[in-house]
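As you go down the protein sequences, you meet chains A and B in turn.
My numbering puts the first residue of the first sequence at 1, with every later residue one more than the last.
My numbering puts the first residue of the second sequence at 1, with every later residue one more than the last.
Keep in mind that the hints are not guaranteed to be accurate.
One side only, chain A facing chain B, incomplete, derived with CB under 7 Å [what the hints assert, rightly or not]:
#1 Leu-355
#2 Gly-379
#3 Ile-382
Taking lysine-lysine and the DSSO-like style, the derived pairs with C-alpha atoms no more than 30 Å apart in a straight line are [stated by the list, open to error]:
#4 A:Lys-610 <-> B:Lys-114
#5 A:Lys-533 <-> B:Lys-114
#6 B:Lys-54 <-> A:Lys-582
#7 B:Lys-54 <-> B:Lys-116
#8 B:Lys-27 <-> A:Lys-610
#9 A:Lys-582 <-> B:Lys-27
#10 B:Lys-54 <-> A:Lys-533
#11 B:Lys-54 <-> A:Lys-579
#12 B:Lys-78 <-> B:Lys-114
#13 A:Lys-527 <-> B:Lys-114
#14 A:Lys-582 <-> B:Lys-116
#15 B:Lys-27 <-> B:Lys-54
#16 B:Lys-114 <-> A:Lys-582
#17 A:Lys-579 <-> B:Lys-78
#18 A:Lys-418 <-> A:Lys-491
#19 B:Lys-116 <-> A:Lys-527
#20 B:Lys-114 <-> B:Lys-27
Don't read these hints as lab results, they were simulated from the structure.
Note that the Cβ used here is the ideal one computed from N, Cα and C, for glycine as well.
Residues per chain, in single letters:
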Amino acid sequence: MPELGRLAVCLALLCALFSIGASITGALRRRRDVVRSGTHAAYATFGLVVVAAAILLQALLTHDFSLEYVAAYSSSTLPTYYTVAALWGGQKGSLLFWALVLTFFTTLVQWQNRERNRELMPWVTATLMTVTSFFLGLVTFITDPFERLPTPAVEGADLNPLLQNYWMMIHPPSLYTGYVSASVPFAFAIAALASGKLGDQWIRTTRRWALFSWFFLTLGNLFGAMWAYEVLGWGGYWAWDPVENAAFMPWLVSTAFLHSVMIQEKKDMLRVWNMVLVLLTFTLTIFGTFLTRSGVISSVHSFTQSGLGPFFIGFLCFAILVAGGLVVYRLPELRTAGTIESFFSREAAFLFNNLVLVGIAFAVFWGTVFPVISEWVRGVKITVGPPFFNRVNAPLGIALLFLMGVGPVIAWRRATPKNLWRAFAFPVGAGVAAAVVLLLAGVPFGYAHTTFGLGVFVLGTIAQEFWRGMRARQALLHERAPQALARVIGKNRRRYGGYVIHIGIVMAFVGVAASSVFRVEVQQTVKQGEEFKAGRYTLRFDRIENREDGHMAASAAVVSVFVDGTQIDTLMPEKRFYKKPKQPTTEVANRSTLREDLYLVLGSYDPQSKLATILAYVNPLVVWIWLGGVVIAFGTLIAVWPSAAERRVEVPVPDRAVRAG
Amino acid sequence: MLNQRRFVIGAVLIAAAVSYLVYAGIKTTSVYYFEMDEFVARRADHAGEDLRVKGWVKQGTMQWDAATNRLAFDLSRKDGSEPVPVAYTGILPDMFAEGREVVVEGRYETPGLKAKQIMTSCPSKYEAEREQGATHPGA
Numbered sequence: 001m002p003e004l005g006r007l008a009v010c011l012a013l014l015c016a017l018f019s020i021g022a023s024i025t026g027a028l029r030r031r032r033d034v035v036r037s038g039t040h041a042a043y044a045t046f047g048l049v050v051v052a053a054a055i056l057l058q059a060l061l062t063h064d065f066s067l068e069y070v071a072a073y074s075s076s077t078l079p080t081y082y083t084v085a086a087l088w089g090g091q092k093g094s095l096l097f098w099a100l101v102l103t104f105f106t107t108l109v110q111w112q113n114r115e116r117n118r119e120l121m122p123w124v125t126a127t128l129m130t131v132t133s134f135f136l137g138l139v140t141f142i143t144d145p146f147e148r149l150p151t152p153a154v155e156g157a158d159l160n161p162l163l164q165n166y167w168m169m170i171h172p173p174s175l176y177t178g179y180v181s182a183s184v185p186f187a188f189a190i191a192a193l194a195s196g197k198l199g200d201q202w203i204r205t206t207r208r209w210a211l212f213s214w215f216f217l218t219l220g221n222l223f224g225a226m227w228a229y230e231v232l233g234w235g236g237y238w239a240w241d242p243v244e245n246a247a248f249m250p251w252l253v254s255t256a257f258l259h260s261v262m263i264q265e266k267k268d269m270l271r272v273w274n275m276v277l278v279l280l281t282f283t284l285t286i287f288g289t290f291l292t293r294s295g296v297i298s299s300v301h302s303f304t305q306s307g308l309g310p311f312f313i314g315f316l317c318f319a320i321l322v323a324g325g326l327v328v329y330r331l332p333e334l335r336t337a338g339t340i341e342s343f344f345s346r347e348a349a350f351l352f353n354n355l356v357l358v359g360i361a362f363a364v365f366w367g368t369v370f371p372v373i374s375e376w377v378r379g380v381k382i383t384v385g386p387p388f389f390n391r392v393n394a395p396l397g398i399a400l401l402f403l404m405g406v407g408p409v410i411a412w413r414r415a416t417p418k419n420l421w422r423a424f425a426f427p428v429g430a431g432v433a434a435a436v437v438l439l440l441a442g443v444p445f446g447y448a449h450t451t452f453g454l455g456v457f458v459l460g461t462i463a464q465e466f467w468r469g470m471r472a473r474q475a476l477l478h479e480r481a482p483q484a485l486a487r488v489i490g491k492n493r494r495r496y497g498g499y500v501i502h503i504g505i506v507m508a509f510v511g512v513a514a515s516s517v518f519r520v521e522v523q524q525t526v527k528q529g530e531e532f533k534a535g536r537y538t539l540r541f542d543r544i545e546n547r548e549d550g551h552m553a554a555s556a557a558v559v560s561v562f563v564d565g566t567q568i569d570t571l572m573p574e575k576r577f578y579k580k581p582k583q584p585t586t587e588v589a590n591r592s593t594l595r596e597d598l599y600l601v602l603g604s605y606d607p608q609s610k611l612a613t614i615l616a617y618v619n620p621l622v623v624w625i626w627l628g629g630v631v632i633a634f635g636t637l638i639a640v641w642p643s644a645a646e647r648r649v650e651v652p653v654p655d656r657a658v659r660a661g
Numbered sequence: 001m002l003n004q005r006r007f008v009i010g011a012v013l014i015a016a017a018v019s020y021l022v023y024a025g026i027k028t029t030s031v032y033y034f035e036m037d038e039f040v041a042r043r044a045d046h047a048g049e050d051l052r053v054k055g056w057v058k059q060g061t062m063q064w065d066a067a068t069n070r071l072a073f074d075l076s077r078k079d080g081s082e083p084v085p086v087a088y089t090g091i092l093p094d095m096f097a098e099g100r101e102v103v104v105e106g107r108y109e110t111p112g113l114k115a116k117q118i119m120t121s122c123p124s125k126y127e128a129e130r131e132q133g134a135t136h137p138g139a
């Protein structure tokens, strides 16, 4: 069977290469039939990759330890769902998985556009198949997941215990989905550049894809943060590790893109800028994949150091050269007449929002690659850590939050003093009032305080928008308030969905600011029955409970939690000792409330002296970050839901029309 | 055209602000990162400075006292040569073990390193070991 898998991969690569050739030839010679054969070859690529992935999955599920990959990432005692997750748990499998997701999206895009975008589609196919070929090439020639061991292993080495976690089932797939789907807007951008159809057709077609990609990048980042928070046990959720940054940078640029396309759609400006953003998002996704796999920059959670680096660098250069070359070639046609008239306009606010987002991405990029650059330039590695990223990004984040309030409500073109008053009197009042109340309540002036004040300002603008939209409809159509609100949202899904997403982002901002600035950290070595304080909590270490099964042995500290003398909870932070491979892991005990998390870690336990070292963190408002994620998901759903008019258009085309075409 | 120019100035101002933040941030927070060889060669120049040093935990040198949370070990080259004593007080990282590759962040005070933080690189190291056959099931 594994040989069949390898065969499927090789054939898939051939199909993909054929598809590139046929699509380009067909587009240049205007031969419909040739284009169609390219499309069909792309479908075949998808089918073959599905076969290959299915064979690898079957090998994992049947514990075929004659395969190096299966022996390295699973074992006969590994639960089934982690065995499935092992498909993307290791380097080789993850590349195949990437190809699987990409070919699936390619198929989806082709099916969506079977009757549309005739001039763009061959180029779209060619671009997506080029990316596919790169990954399939790696799987075929460099890291073969179907490689056999010289002698079959008796038992597998098992998935890394740190990965044996339910997040493994959801975090990598959502991040991959976000990464891979960023290829679709990229492919359409390349298609627009190659075919010369530079209007906003490509943007309209990929609007949902861009939002889809952005949404999964958001989820991937959030899930990664939750995973780190719950599993790694250092009390935080974000460490500015290169791999985290690798997922964060495309998110930033993709956020900028989602905003600046609105300017192109409404005002036909920023065409070049949008091209650059979409190309940048894609290259950053490849760069991110490269960072996690090349070992160029040391990181806590990268894959095996491997020889893949040069191939990724090569592909990156290729993508940048082709995309950059096309942009330069089309530059005269891309220029537009529209200019921004005033600083006080929505165009300006959006442009500045874009610059700040890209600025943050640049700062993160620079901090991430700085060790490498400094080694090139000065011959010595200089690293920067979380203090650098926090210092740089806190003021930029504040600026971004401010612009998030300004952008959606300021007038287009040029805001008059009257406009400004009408748009900002209430939100600014609310923000200032909140800031004063917080100061009086004892919140010290600083980043957190500013974030809270600006957060209220942004929420004020959003509330005002909802209110005015609803009132306008009520005045016109005499609808009841809930109905008017539902209708006004239904008629402007993108706009109001966007506002809901903004609410989620504000929640995340508030959570991040509060938990970064006001967190309490206590480390205490205690004997049985001893108490210590952490924030407003009193913690008492009662005893150690030990248990053991075939997989691991665990020691849990039983800690009673008191507030004002009354016991409110019992928490059990744990150390586990996995038997295969021999490795301890930390199991955090987290008591999460809307106000704050009490996060306990059993640092160590000494059986001789019976002393336990317990770390206690009090992290305020962390839950609001995760709740923000839920709100973002809800807002995205509103924004992508097809409107009634679109649903009518989506009626399937009769079969005959397809043949006639 | 006047407006256009004003915007270029606005954009340049933002770019300048970002550049300044990055520059100042790097200036105040950056730390030298040495491989063991470099560290041995240049440590005399960097006494008392915060550094990051990557090396291996020498076999047979790890001393851990769970009651006081004190850790002492020798950081060395992969083959165990050029050992440098490291002292650390705090939680023992899960992935810390003899023979593993670690990054020590701390201050160099002759003769050794006073560590503030010890970073273990988990999955990559874990996989690398296996590839060398150390824990390989078939080996």
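Hints and how they fare:
1. Hint status for A:Leu-355: holds, given a least beta-carbon distance of 5 Å to chain B, under 7 Å.
2. Interface hint status for A:Gly-379: violated, as the beta-carbon distance to the closest one in chain B is roughly 9 Å, over 7 Å.
3. Annotation: A:Ile-382 was flagged as interfacial toward chain B, and the flag holds, the nearest CB pair being 5 Å apart, inside 7 Å.
4. Among the hinted pairs, A:Lys-610 with B:Lys-114 is consistent with the structure: their alpha-carbon atoms are about 27 Å apart, no more than 30 Å.
5. In summary, the hint linking A:Lys-533 to B:Lys-114 is supported, as the alpha carbons are separated by about 28 Å, within the 30 Å threshold.
6. The suggested pairing of B:Lys-54 with A:Lys-582 holds, with an alpha-carbon distance near 23 Å, which does not exceed 30 Å.
7. Annotation: proposed proximity of B:Lys-54 to B:Lys-116 holds, straight-line Cα distance about 14 Å (limit 30 Å).
8. For the proposed pair B:Lys-27 and A:Lys-610, the alpha carbon gap of about 45 Å is over 30 Å, so the pair is violated.
9. A threshold of 30 Å between alpha carbons decides the hint, and for A:Lys-582 with B:Lys-27 the separation of about 41 Å lies outside it, so the pair is violated.
10. Distance restraint check for B:Lys-54 and A:Lys-533: the Cα-Cα separation of roughly 36 Å exceeds the 30 Å cut-off, and the hinted pair is therefore not satisfied.
11. Pair hint B:Lys-54 plus A:Lys-579 holds up; C-alpha atoms about 28 Å apart against a cutoff of 30 Å.
12. This hinted pair checks out: B:Lys-78 and B:Lys-114 have alpha carbons roughly 21 Å apart, not beyond 30 Å.
13. Between A:Lys-527 and B:Lys-114 the alpha-carbon distance is near 27 Å, which keeps this suggested pair within the 30 Å criterion.
14. For a cut-off of 30 Å, the pair hint linking A:Lys-582 to B:Lys-116 stands: about 26 Å separates their Cα positions.
15. With a C-alpha separation of about 22 Å, the suggested pairing of B:Lys-27 with B:Lys-54 holds against the 30 Å cut-off.
16. Among the hinted pairs, B:Lys-114 with A:Lys-582 is consistent with the structure: their alpha-carbon atoms are about 28 Å apart, no more than 30 Å.
17. About 26 Å separates the Cα atoms of A:Lys-579 and B:Lys-78, which keeps this hinted pair within 30 Å; it holds.
18. Restraint check for A:Lys-418 and A:Lys-491: the C-alpha separation of about 28 Å stays at or below 30 Å, so the hint holds.
19. Proposed proximity of B:Lys-116 and A:Lys-527 is supported: the alpha carbons are some 25 Å apart, at most 30 Å.
20. With a C-alpha separation of about 23 Å, the suggested pair B:Lys-114 and B:Lys-27 falls inside the 30 Å cut-off, and the hint holds.
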